[in-house]
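Keeping their order, the protein sequence lines are chains A and B. Per UniProt numbering, the very first residue in the first sequence carries number 1; after that it's consecutive. Per UniProt numbering, the very first residue in the second sequence carries number 1; after that it's consecutive.
I should point out that these hints are in silico values taken from the structure, not numbers from a laboratory. Here the structure is a predicted model, which means the values were calculated and not measured. All clues stand as given, with none of them false.
Far from chain A, some chain B residues (derived; all Cβ distances over 12 Å): (1) R116; (2) P302; (3) G469; (4) T552.
Derived DSBU-like pairs: lysine-lysine, alpha-carbon spacing no greater than 35 Å straight-line: (5) K420(B) with K238(A); (6) K205(A) with K420(B); (7) K140(A) with K199(A); (8) K112(A) with K7(A); (9) K356(B) with K140(A); (10) K199(A) with K356(B); (11) K112(A) with K140(A).
The beta carbon of each residue, even a glycine, is placed where N, CA and C say it ideally should be.
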Amino acid sequence: MMPPQLKIAALVSVGRNPASGAPRAARNDVLALDAALALAPEVSVLHAGDAAPALYDYLAYGAANVEVLPLPAGADALAPLAARVAGYDLILCGQRAEAGQGSGTLPYRLAKALNMPVVSAALEITLLGDEAEIVQFLPKGQRRVVRVSLPAVIALHPLAPRAPRYVYASLRAGRLLSAPALVAAPLPASPWQSEPAVKKPQRLKPLETRQGHARLLGAIATESKGGALVREGSAAEKARAILDYLRTNRLIEF
Amino acid sequence: MHSLDHLVTLFFWLAVAALAFGTMRRARLWRAGAAAPFNWAQLLTVPRRYLVDVHHVVARDPYIARTHMLVAGGAVAAMALVALNYGLMLYRPLLNGALVLAAAVMLGGSYLVWQRRRAPLPRLSAGPWNRLPYTLAAFAFGLLALALLPSALLSGFFAALIMLALLAGTAELVLGIGTGGPMKHAVAGVLHLAFHPRAERFAPRAERFAMRSTALRPLDLAAPVLGVEKPTDFRWNQLLGFDACVQCGKCEAACPAFAAGQPLNPKKFIQDMVLGLSGGSDAAFAGSPYPGITLGGHSGGPEEPILPALLAPETLWSCTTCRACVEECPMQIEHVDAIIDLRRFQTLARGALPGKGPEMLGNLRETATQGGYDNAARYHWAVDLNVRQIRPGESVDVLLVAGEGAFDMRYQRSLRALVKLLQAASVDFAILGALEVDTGDTARRLGDEATFQAQAVRLIATLSTLTFGRILTADPHVFHSLKNEYPALGGHFTVLHHTVFLAGLASSGQLKLGATSETRTITYHDPCYLGRYNGETEAPRALLRQIGVRLTEMERSGLRGRCCGGGGGAPLTDIPGTQRIPDIRIADARATGAGLVAVACPGCTAMLEGVVGPRPEVIDVAELLAAALEGQA
Ligand code: SF4
Ligand code: SF4
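Isolated chain A (complex conformation) (with noise of 0.2 Å):
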């Protein structure tokens, strides 16, 4: 028999558009509130942060709301939340969030801090009672089916196949709460170091013309590529030089 009422809590966190990095639900997080509100209809949608505007997406996408648990710029987000959904038997998150570190571990962190199994890559989930079975995502159109006792966090695959949908009138209809502060202790050291990325030019390359048996030869011969050396003229000159070998290999195209 299924308990009557099951506690479940939604983890979401604030995304980022990978074209604008407009702030936004992350899609895994809007997923796995989804999920939780096909297993239930009252679901406890929690966020450790600031009550950022992209939270009222979760709203629209069927949270009655978002209970905000302040936190100090740069704290780790586990304990508060360990603390909020103790005694909870189901918390559903997405695997990865979309900005910060993203580094997946906190349903790990968070299963072991409430000493409680972990499913990860999760497409579909079906309670039977006081287990859930879980449909998981492999790698090469692979699934496994498992089964957890509860309680248990559960992590959602980006691929899980739902559809959730955004409705105005819920986002107008819901509210952000704030939870009185918890206390948080800073993130962990983390062993990663960041820095800016650096784009690496790349050699363009004219198209080989050369038939096969000119090519071939090529490869043994020692001699010039072809080409031409521009020593004389004006830095214009120079330029021009530069843009009509461009042109002529159609390596750009104005």
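Add chain B with the ligands to chain A, keeping to what the hints say.
Leaving out everything else, chain B with the ligands in the frame of chain A:
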């Protein structure tokens, strides 16, 4: 021997009572709708609206225009005479003479109705409509006999026969409104003309030309019901409008979705809304069903949700909002407004938008582009053209707004041609560039008023920091929303479509055009949002004439052009039919023998170019002009 006359008087007053009672009964149904302004004095506008605006549409089919003139004119005159002579108990032979004339005219008209219905067009409804020629003729015949033959000469049997004919005819005329019969259209039609939801449609010609009433009303995002869920959420005058439908099917014949076998028929849609307001099932509908959906499976009532019991979602999302139905409707019914009202509820209150719609809306909210692009890339098409990007504090005459087409490699060619023309004409212009955000137009057609208003507020705020004279765009959808729909949200700009602007430059001589080198037969496809929405059919044609193109027009062109299938977010919701709308439109073009279709909209370009197989080439007017610029090699 006045007993027959007295009987007629009695009948007359009974008929008046029945008409009044029936009208009140029907009015109860209308009044269940939401509030809308009401003023009795509006009734005075009816004759003008009928004789000018309704006639303008009906006259496209001269046969039915004549027929209706005879039947309705004869009937109204006859009834007025009966009211005078019998209602007021004058019993003057002279008035009877006039009555003979009126009844004869009506009888002639009834004959024409009968002729028309012997081999009815498929767009016409059968059912109760088929009895109309007979009941109308009975009425006219009864009056004719009554007025012509001295009652003294009549035998009892003959008198009874006349009374029976009169009774049958009168019943048709006066009971229609109360029972929902065909003659309902007379009463509802008159009231609908008076209390039409878009009074601006009937403005004097000059005003109407400056601004055709096609903008959607802004939705109050704090309203308890967002859009329309059940029939009573429509405003009462919209409900009244549905009741005015005569099931002539002109909308059906014009609808591109219906032609493509998508499950939409605007006539059936209006009749379904009538069912919604009066309650019942669609089994008795006597016209063409929605393609692919059998009759009898849908029913509704005033307080019941319209979707999905009365209307299938696929029907709602098939519409391209092309307004061809509205353009053709003699009763001036507003199909598109009703469809958008329903969409608003589905999208805003249910999130039930099919296909790629939700993805596009998410993109708009997050990136201000429909395709989810990096908005900073919006001006990349112009990066090598030496075009100024507008900056706050610098003033410019013409501000070019590119629209979503800026991300489309095909449409970039048209935009580049436009820039070439502007440069050739030495226009002082700049692009909005990376400051540009989507107008939200497509979101609005899909019912997402919240996202539309958010985009509009954002774009208006950007534009208000800039100094420019006019806005120029090559996208009719951008043109329509900026020009007609932004004012209601506080954005007042002078907006021009590129064809209009270029036509001005060409006629003033600022843009020097040579002759085109095109030798193929050329036809022009009118974008709905330029033609029907904004009345602009002449400028592109004038431009093409200027470069020596002799257009071969398609059968459906100008204000009555056929949609390319790209409007209203239809490519996103993508409801399957038996054909694709752009294929039909290309077939239209082929029928003219055209080797080239000139277009003036990125949506049309994309839709028509998407047609596979050999087809006429699709080229924007701007590209044709740029190729014909004077003094170029
Ligand atoms: S607007 Fe166009 S697609 Fe929609 S119902 Fe009318 S004719 Fe059909
Ligand atoms: S809606 Fe208008 S065009 Fe369509 S059937 Fe009714 S009256 Fe005719």
